[in-house]
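Q: Chain by chain, the residues run as shown.
2 protein chains.
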Amino acid sequence: MRLRIDFSYDGTDFAGWAKQPGLHTVQGTLDGALATILRMDTIQSTVAGRTDAGVHATRQTAHVDVDQSVEPGQLIRQLNSILSSEPIHIHRVTAAPPGFDARYSPMFRRYEYRVSDAVGNRDPRTRHFTLWIDDHLDMDLMNKAATSLLGLHDWTTYCKPRPGATRVRELQIFRWRRENDGTLVAEVQADAFCHNMVRNLVGMCIAVGRGKLNVSDAVALREERTRTSAFIVIPPHGLTLVEVGYPVDDEVGARAELSRTRREPV
Amino acid sequence: MRLRIDFSYDGTDFAGWAKQPGLHTVQGTLDGALATILRMDTIQSTVAGRTDAGVHATRQTAHVDVDQSVEPGQLIRQLNSILSSEPIHIHRVTAAPPGFDARYSPMFRRYEYRVSDAVGNRDPRTRHFTLWIDDHLDMDLMNKAATSLLGLHDWTTYCKPRPGATRVRELQIFRWRRENDGTLVAEVQADAFCHNMVRNLVGMCIAVGRGKLNVSDAVALREERTRTSAFIVIPPHGLTLVEVGYPVDDEVGARAELSRTRREPV
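Protein sequence lines, in the order shown, are assigned to chains A and B. The opening residue of the first sequence carries number 1 in this note's numbering; numbering runs sequentially from there. The opening residue of the second sequence carries number 1 in this note's numbering; numbering runs sequentially from there.
Think of the hints as simulated: they come from the structure by calculation, not from any bench. By construction, the Cβ of each residue, glycine as well, lies at the ideal position given by its N, Cα and C atoms. Treat the hints loosely; a few may be bogus.
What the hints assert, rightly or not - Okay, the calculated bits of chain A under chain B, using three or more residues with CB under 8 Å as the criterion:
{"no.": "1", "stretch": "45-52"}
{"no.": "2", "stretch": "122-128"}
To be verified - Using C-beta positions, here's what the derived DEER-type ranges look like:
{"no.": "3", "chain 1": "A", "residue 1": "107", "chain 2": "B", "residue 2": "214", "range": "42 to 50 Å"}
{"no.": "4", "chain 1": "A", "residue 1": "24", "chain 2": "B", "residue 2": "187", "range": "35 to 43 Å"}
{"no.": "5", "chain 1": "B", "residue 1": "187", "chain 2": "A", "residue 2": "108", "range": "31 to 39 Å"}
{"no.": "6", "chain 1": "B", "residue 1": "212", "chain 2": "A", "residue 2": "144", "range": "48 to 56 Å"}
{"no.": "7", "chain 1": "A", "residue 1": "223", "chain 2": "B", "residue 2": "140", "range": "51 to 59 Å"}
Pulled out of the complex, with its shape left as it was, chain A reads as follows:
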């Protein structure tokens, strides 16, 4: 039986999603709780967005295969009870439809990155999920740079390379807004992201907002398809996975097949 689990976490005290011996990770904590409740020796979850250390998720999705029939309503209560002292909260547990794969079935992932560039508007309550910088940023220029990048492209410039894998992705949404309290929020959506891609895209926009790069550099650098020192990868703690979009149930299998073919090393 395959279960779909929707959940959220504060990434501050985690060494990222992926299980690592001796480290406090989201996957290690979630799989450990599932193994305890289901009395299984090992659980290996698969997740939509493998977040790095310090990165948060308000909407994350994983799947796990279990060797027994499970009552989802009871499992959600047991999980939240066993995880009550952890910064993880389980929103939903459901029986996954046939062919569902948390990693390969999504149509899109959406992230937000929060930046406070106004000394007079800082909120220490949200500091662990907001980047504080001292320069005032020009949001109009940042939006011009962001919009110029939309579409299906090779993102080698904006990625930490993984040998053999494609860096072609479709950037579907990339825009900046200011919240009422002055916080700048980037909304970034793609079918999938390469490693560090959001943090590089945001880093480039911040360089534009500071006047260190021109709007036209966003595309020019991307077309060079090579690593660059023109901007820096921005710190992880401002980043949150806020949505993973799946197709309707009878299309999740076909979508997973398509993504696997496109994205995996040949």
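Take the given structure of chain A and dock chain B to it, following the hints.
A: What follows is chain B alone, placed relative to chain A:
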């Protein structure tokens, strides 16, 4: 020279505002930073809202008297530098107008209290400033109870008593809204608050929202002017001071005189 200081803090790791020997308090931390920068032996700040342990502030105001001329722009940079590892951020430092008193000049204080009553909508990033409860709350009933209380009244039922001091206050705003993510937020404004008043008012509304009290009990209990066990004082961590409203500069002195006369023990 009297300085007005506007600032914010995350109250999670503080034992409240008021200085206490051996404890990490907001006042102790702020006054210590000021004393270090200004090379003064003692600094004694006065604050608009003396928040309890665990209570936050996004807009708090204090005044301090200093024995030297101070350049506000430089002081704000020095304070934020010395406080960079503390969950305190200084927004503004200005020379206070004649007669200004952070505690007695305000026309109003406004607080917010955040409650998550929806298992499917919890955000672990904001858990330290949001109360999580398992029952679904009826916001319409809570708003009816809140509205029924508005006006100038004796709040003994809703206060932790302080001998000799009046418990008469003007409740100016009390209403509930739901944020986009489902979080319930109470907005509570008064000329001033007695000790624990917001947390008691919110505790009463939550009892109404759960169906444990009737809407009419809000006023009926207040009119009894005595401590009650009909509702509980709600935990501090959901509470944030979000605004302190001062009159225009040439009225701050008269306003302070009026408040002192009204509020102090005879």
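Q: Against each hint, give a clear statement of whether it holds in the structure.
A: Right, here's what the structure says about each hint:
1. Requiring three or more residues with a Cβ within less than 8 Å of a Cβ of chain B, the coverage given for the stretch 45-52 of chain A is violated, as only 0 such residues are present.
2. Coverage of the stretch 122-128 of chain A by chain B holds [criterion: at least 3 residues with CB-CB distance below 8 Å; count 7].
3. For the pair residue 107 (chain A) and residue 214 (chain B), the beta carbons lie near 48 Å from each other, so the given range of 42 to 50 Å is met.
4. Between residue 24 (chain A) and residue 187 (chain B) the C-beta distance comes to about 37 Å, which sits within the given range of 35 to 43 Å.
5. As the Cβ distance of residue 187 (chain B) to residue 108 (chain A) is approximately 35 Å, the hint placing it in 31 to 39 Å holds.
6. Against the hinted window of 48 to 56 Å, the Cβ-Cβ separation of residue 212 (chain B) and residue 144 (chain A) comes to about 55 Å, which satisfies the hint.
7. One distance hint, 51 to 59 Å for the beta-carbon pair residue 223 (chain A) and residue 140 (chain B), holds here, with the actual separation near 56 Å.
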